[in-house]
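Produce the complete structure using the sequences and hints provided.
Heads up: the protein sequence lines correspond to chains A, U and H, in order.
Each residue of the first sequence is one higher than the one before, counting from 1 in the working numbering.
Each residue of the second sequence is one higher than the one before, counting from 1 in the working numbering.
Each residue of the third sequence is one higher than the one before, counting from 1 in the working numbering.
Misleading hints may appear alongside valid ones.
As the list claims (entries may be wrong) - With a straight-line cut-off of 20 Å between C-alpha atoms, the simulated PhoX-like cross-links for lysine-lysine are:
# : chain 1 : residue 1 : chain 2 : residue 2
1 : H       : Lys582    : H       : Lys551
2 : A       : Lys78     : H       : Lys738
3 : A       : Lys58     : H       : Lys738
4 : A       : Lys229    : A       : Lys188
5 : H       : Lys296    : H       : Lys738
6 : H       : Lys582    : H       : Lys560
In short, the hints are calculated from the structure, not lab data.
Here the structure is a predicted model, which means the values were calculated and not measured.
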Amino acid sequence: MIAAPSQHNGGWMVGRILLGLLIVIAVAFGAFFTWQWRGALPPATTSAHAFDPGIVAKGAELAAIGNCAACHTRTGGKPYAGGFPVETPFGVVYGSNITPDRDTGIGAWSEAAFRRALREGVARDGTHLYPAFPYDHFTRLTDGDISALYAFMMTREPVDQPNRPPDLSFPLDWRIFAAAWKLLFLDKGPWRNDPTQSVDWNRGAYLVEGAGHCGACHTPRNALGAEDKHRRFAGGSGEGWHAPALDATSPAPVPWSEDQLFAYLRDGFADRHGVAGGPMQPVVRNLRHAQDADVRAIATYIAAFAGPRDTADRQRQTQAALAFAQQREPTLGSLVRTTTGAAAADASSAGGTLFAGACATCHHAGGGLPASRPVALALSTPVSDAQPINLLRIVLAGIHPPLGQRGPIMPGFSGALTDPQIVALVEYVRAHFSRRPPWPNVAQTLAVLRGKEAP
Amino acid sequence: MTILNVNGKQHQVDADPRTPLLYVLRNDLKLNAAKFGCGLGQCGACTVLVDHNPVFSCLMPISALDGRYIRTVEDLGSADRPGPVQRAFIEEQAAQCGYCIPGMMMRAQALLEKNVAPSDAQIREAMAPNLCRCGTQMRILRAVHRAAKLMTVELDTPIREAKR
Amino acid sequence: MNVPLLSPTRRMVLATGGAVVVSFALSPRATLAQAAPAQPKLPGSLQKAPFLDAWIGIGGNGAVTVFTGKAELGQGIKTALIQCAAEELDVDPKAVSIVTADTARTANEGYTAGSHSMQDSGTAILNAAAQVRGLLIGLAATRLNLPADKLHAKSGAVVADDGRSVAYQDLVIGQELHQPVAPQSPLKNPADFAVIGTPMHRVDIPGKVTGAPAYVQDLRPEGMLHARVVRPPSYGAELVSVDIPAVERLRGVIKVVRDGSFLAVAAQGEFEAIEAMNMLASVAQWRTVAELPDEKSIHQFLTRLPAQDQVIADKGNPAEQGKHLLRATYTRPYLLHGSIGPSCAVALYQRGKLTVWTHSQGVFPLRNTLANMLHMPPDQVHCVQVEGSGCYGHNAADDAAADAALVARAIPDRPIRLQWMREQEHGWEPFGPAMVSNVSAALDDSGRIAAWNYEVWSNTHSTRPGGPPGNLLAAQYLAQPFAPPPPTEIPMPEGGGDRNAIPLYSIANERIVDHFIPQMPLRVSALRALGAYHNVFAIESFMDELAAAAKADPVEFRLKHLEDTRARDVITKAAQEFGWRKDEQRPRGSGRGFAFARYKNLAAYCAIAAEASVDHESGEVRLGRIVAAVDSGQAVNPDGIRNQIEGAIVQSASWTLYEDVTFDRSEITSRDWSRYPILRFPQAPQSVDVHVIDRPGAPFLGTGEAGQGPTAAAIGNAIADAIGARLRDLPLTAERIKAAIGV
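Dropping the structure here:
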């Protein structure tokens, strides 16, 4: 409201400032609105036969590293046809249909449209995509790799499955907020090598920061849901699991080495850490389609976050962890186990008794038979993690390989043990197999998992 | 001394509290149905119900069972008066060696208590933790479908009368 | 028909309650006396125990007891044999009970194996029952003073036309049934069958679903102790030292038994025994020697080992070439029996006598072998077959019996229940051998197979204990060990590695060679169907490859080469019921396959059509409809046949798609279901339909193993149809299929 010039000078000043601000805001908004607007790109027609098989194969590897199938395939649904719910702090976004179906998928997308989606997070029709689709990572892909991914996606089986609109609370369901987010947080452009680092490190960095988008789970996010670039790999979450820190604050009792990471990513098992569980299971499965050299490069890059190798400190930490595990599971790594250790020592406690009867047969305390290589609990990350949620999830649901495939089988105890029993068991495992302080919130976390309490 | 409620009866069991339920059922209580298949929670031959949930009795220490309701195949009926699940398995001749069948029956019982008319896909998913090496899966599926139908009939009716 | 009674001196009587049940001889002397040298060959197993009361007994209340030297393995044999006896004896099957293999009570019918049970025991019992019926009618004729042709048998009595009747139990009051078996029997006309040919419910299922004791694992004799064995870390390892006192101090432990490298422990309670076993394993020191070949190149390794070559078919001039020459190599990995219940035995050593309750397939050969291992006279060893879980061949049942016997001997007067653990079963059972075959064939201008060359390499498919103790696992590890006897190939026409290596197809020029490899890097023995699983997979896959080269429909191509009408009938039936249409177009990733074999070229005929769809991204196979047709001769219990073939199909599907034993350079690594996955419910086919072609009056044809080979090939052919590429190395895993599909 503009004050009349004949009124107080101060009120008129305030009015002028307000007006000025409003004009600035309006102009800024106008500029922003103009800036964020994206036009539709024309539809394209491609034939699956138009693509060089070698390039399609390269695209397949990149799609494997990027784990595209995981977010773009509904449980039990056709590959890449979408429908998978991606949970975000702001609601649920459903992975879209990226099969080459013309009507419901991306069959009408030209390579330019595809590239724009990956680099800038914009769909063919100009819609801004939510950063649940991690284009803040995919923007790092080279043009050549984007072409390969395009070739791969265009040669998949087309599936008629319309996309599901996201379930976001007002006003976040306005796409313009996605644009605003990008303005603040999207640093566009392909990866640029760091000349001070090795070829392997750079390759690993490219794969991790680009297609792999590991930070999307393993890096903490700010209040607006963007990765905290100053705390890369300091831990985050994905699909209701805690994605543990991979940097120097990693809770793994033995610091991750490149070899251990390679074994974990390649085989789903690292003998100083444990098995791949939860959302890492499909990641590891997909990485089977990637080249050994690429998996090793990823391991090299991530291992570098854990800190420099071969320091005296690291050696000490490793030895201490192994010694502790040895003490708790005396014949670590051999086929023949003794009956001393966990079961005998705390047999009288409720948690210890539960462990001895329900867990010890496989989890080595007393196991004399060469069952599938059991995890050394004292070396596993979930037991030493900052939060109990991963260990609880594993105890509740178990670990299961895909049907017909080899892999550790751990039954879930969700129906077998009561909640107080699960709490006692988990607290026992924490106390007996880690050197960290007890978790204060096991019962509450379990209640949330059971749906009994709000998170 | 642990008190276990098995098939509606209280039993005093003098066994180490770490002892898995399977061995107590078989050796202390002389119940034959639940079987040892692997002791690792991989095959389900030991499946019984605890508080209506299917559990691997080979991995259930009896210390965890105080005050809980344990059911085995022996509780589903008898040779003279088989219950609906038992009848269904007999009528479909759903067994070859039969070793896995009690575990299958308990898991089916748990499913049918929660879902009165499961689809084929739901049965397959629910029964996945239980292995059958003889290849009787097709008959077991038919038996579970049949049991679902039988369960909607008056349960106390013995076979003789039901044939009316 | 009347048979003269034997003089009393040649009759032996067992003191049993009630009327005479069994009275055939047990002692070696009397066994010799039983031999009837100048007689013509008797039907089935009657040759082995040629007295009627060796097979049939009639009790004081009219209850009939059938005695068979065969074992119930879950294949329904008890029921089928009861049907045979009830039919020919004209009694209600509910009045018939059956005693299975027992060295003290039944005939010695060797092993329950090779799908011989109906052919051997079924035939024997059918004939014996018919002859008993004839005998009873003869006795009644004398009693009623009527001619035999005025009498007939009905519901457990002999009935006269005038209405008078005498119950069987009133006719058999002495040794009347102790008669030598005649070569001919008054068999009923199959058209009159009222029991045979009906899907009578299995006699053992009600007990199994209501918690009745049914298995050797359920035995609980008074004073029983629980035992566990500690096996070495790998083949041939030697026990260097073990701290026995440390284990014997544990609560409940009765004794640790050590004999050389054989190590076991017995305790009061089962959980105590398991914990003691774990402790014992941890305080045992072993020297390992095993050097296993590289798993990745096992087939090359095997084919380079010394082999005994035998030409098993040589017709015409197979070197003659037709227009198109195709060749292929097929392989099969080591496969696990994987019995769902690990092997178990109960043994009691008392006053110099050993009794073993075991789920062995052959209690008579086992008895002799145990006697040899323990240096005991065979007549002091009594083996009783009690059901275990399905064995599918020579699994660890005999080994568990040997383990139990050794512990029992060390702890006399206490029944010992020795139970194997899952990891022990997976690591130490004798596997189905890995195999390789090369096949090449030529087609002439008319698209017929002009020449056929087939070579197969395999270890023995039988290391069953049959006398020499070295085939028992424990015996190899005693302080004075027994070496395994040199393996031999099972001769044709049954064959071992070469079982079903000779196709039933009419091929003018063929040469088939069996390369028998004695040296066994992994422990192997008989797994259901033996070499037939691999040979039929190879032959029937190759038939499809040839059909494709001839641009012929796979079903028509097979019919073109078959003259055997029963073979043609099962093929036509399966194709018809499946809805097999020539040149059917299927959507991408979906395929159908066909296969046929006559088991051993002697036993049941089986044709299978299968549908499969393959996921392009993962290579995973989903089995659709599977339709089978089977001809088992006279079908005693059609539902039993269907059950066996359904089971064979699902089991073989599991072998074919998922299974292989894994090993590193020192030991077996697939030690439980997580490392040896088998088919689970979501992977079972969409449907399985088995059509039985009944042949009333025809000889029984063994059926239990007829489905393994055709299933593998039908699935393999369906996958090839679905993806347009051929896989020849079993198992047909998702990984291998994906590699064949490409991106």
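Find the hints from earlier in the document that the structure breaks and name them by number, from lowest to highest.
none
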